[in-house]
Amino acid sequence: MTCQTFEQYFVDYLEGTLSSELMRDAEAHLHQCRQCRAELAQQRNISAQIRRLTESQCPDRVLDSVLIRIEQDRQRFSWRTRFQAWCRAENALWKMGTTAAAAFLILAVAALFYQGGEIPSRQPLQYSAEEVEEARRDIELTLAYVNLYTQKTGHIVEQQLAAAHSAVTQPVQNTLRLQLRSTGKAVTQPLEENMLEPVNSLLHKYGGIL
Amino acid sequence: MKTLRFKHLVKQHKNQIYNQAYYFTNSKEDAEDISQEVLLKLWHHLNSVKSKAVKSWLARVTRNVCIDFSRKKREYSLNELGSGGQQRMIDCRDEAQADPAQLVISEDLIRQGIASLPETLRTIVIMREIQDLPYALIAETMNLPLNTVKVYLHRGRKLLAQFLDEQVKEPVFKE
Chain Z
1 MTCQTFEQYF
11 VDYLEGTLSS
21 ELMRDAEAHL
31 HQCRQCRAEL
41 AQQRNISAQI
51 RRLTESQCPD
61 RVLDSVLIRI
71 EQDRQRFSWR
81 TRFQAWCRAE
91 NALWKMGTTA
101 AAAFLILAVA
111 ALFYQGGEIP
121 SRQPLQYSAE
131 EVEEARRDIE
141 LTLAYVNLYT
151 QKTGHIVEQQ
161 LAAAHSAVTQ
171 PVQNTLRLQL
181 RSTGKAVTQP
191 LEENMLEPVN
201 SLLHKYGGIL
Chain B
1 MKTLRFKHLV
11 KQHKNQIYNQ
21 AYYFTNSKED
31 AEDISQEVLL
41 KLWHHLNSVK
51 SKAVKSWLAR
61 VTRNVCIDFS
71 RKKREYSLNE
81 LGSGGQQRMI
91 DCRDEAQADP
101 AQLVISEDLI
111 RQGIASLPET
121 LRTIVIMREI
131 QDLPYALIAE
141 TMNLPLNTVK
151 VYLHRGRKLL
161 AQFLDEQVKE
171 PVFKE
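Protein chains in written order, with my numbering: chain Z, 1 to 210; chain B, 1 to 175.
So here's chain Z without its partners, still in its complex pose (with noise of 0.2 Å):
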């Protein structure tokens, strides 16, 4: 073996991880290489000063901070912000400009429906009765043994909440959306954070089911 070779299996010889024949070959050649003994030493000081060196703690206030930024960056983005700060503008101009552009969107969005003076019917549901039934018992059981699941043990079960994810299929997804929608809700978070109100509300009424 020489120095060179040495080299790649200097980490695995010192931890002990080499195969015995390796590690014959390796003291072998650290019998009659002064020059790697010595590195051996010095990289074995080296290792046990570093480790040596204590973890610190991270202070309270990074997590404070960040909850904060997280917060204000809600608020910015919220459309009742918006909507408030359009209020506030000063340019009666720009505001007479979009209100106008928003009447005249609604009036065309509404020509386009109106048909010889009757009104269409809304568009029926994509899914029947039957369907969102369905689709709501296997959101309230999944969703439920998660949290009966947290609740009796205390851990945020990830591999849970992943596999109740998964489990909501994706025409369940879209009937929840459907149901959200109905309410006047605003679908613009991820699922999962629209599912609490009516998943509560589920739960409360079928609280016996597990």
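Hints are computed from structural coordinates only; laboratory data are not their basis.
Treat each hint with caution, since some may be false.
Cβ-Cβ distance ranges computed for the label pairs, FRET-style [unchecked claim]:
# : chain 1 : residue 1 : chain 2 : residue 2 : range
1 : Z       : ILE106    : B       : ASP33     : 39 to 49 Å
2 : Z       : SER19     : B       : HIS8      : 19 to 29 Å
3 : Z       : GLN32     : B       : LYS7      : 54 to 64 Å
4 : B       : VAL168    : Z       : GLU55     : 17 to 27 Å
Here are some, though not all, of the chain Z residues that point toward chain B, as calculated from beta-carbon distances under 7 Å [to be verified]:
#  : residue
5  : PHE10
6  : VAL11
7  : GLN42
8  : ILE46
9  : SER56
10 : LEU63
Ideal Cβ positions, reconstructed from N, Cα and C, are used throughout, including at glycine.
Chain Z is already provided as a structure; the job is to place chain B on it using the hints.
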């Protein structure tokens, strides 16, 4: 639910992030800034990071943010002692002067030495020697073969030893 999961992950991994940043930059203030940045990225990508991959994802992102941060700051002075600036001895032996292999060195000097290493070697030394992460995780984080990680660790230690040999003049410190 998202906030709950986020707080749980932060509690589990915040020290890992902070220490990786601290030893990379040798500055507690910079480590706090970097940790905030990493945690914000975690928040924004929370839905796409799988639970099993969180540790390596965080290690990778922390490393990238550290590198970006240090490049913006241009360089870390070797003369900085880090926050506090206090020298603490781990051990003290008179015979250290005779045998460099037995030399015992101050904690601040070791941190300076680590911060002076090339970025890749620095990250590997921190992850293995200080955070005691397994080689497989380091290899995955750095996107390097396992054997290469071990060779780089060896080189990192070697460079650190050379740095410390050059810096240490008086091995005896009295408190």
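Here's how the hints hold up against the structure:
About 47 Å separates the C-beta atoms of ILE106/Z and ASP33/B, a value consistent with the hinted range of 39 to 49 Å. Taking the beta carbon of each, SER19/Z and HIS8/B are about 41 Å apart, not inside 19 to 29 Å as hinted. Our hint of 54 to 64 Å for GLN32/Z and LYS7/B holds, since their Cβ atoms are close to 58 Å apart. One distance hint, 17 to 27 Å for the beta-carbon pair VAL168/B and GLU55/Z, holds here, with the actual separation near 24 Å.
The beta carbon of PHE10/Z is positioned within 7 Å of a beta carbon in chain B (closest approach about 5 Å), and the interface hint is therefore held. For the restraint placing VAL11/Z at the interface with chain B, the shortest Cβ-Cβ distance is roughly 4 Å, inside the 7 Å limit, so the hint holds. The closest approach between the C-beta of GLN42/Z and any C-beta of chain B is roughly 5 Å, which is under the 7 Å cut-off, so the hint is satisfied. At about 5 Å, the closest approach between the beta carbon of ILE46/Z and any beta carbon in chain B falls short of 7 Å, and the interface hint on this residue holds.
A least Cβ separation of about 6 Å between SER56/Z and chain B falls short of the 7 Å threshold, and the interface hint therefore holds. Annotation: LEU63/Z was flagged as interfacial toward chain B, and the flag holds, the nearest CB pair being 6 Å apart, inside 7 Å.
The structure fails hint 2 only (numbered hints given earlier).
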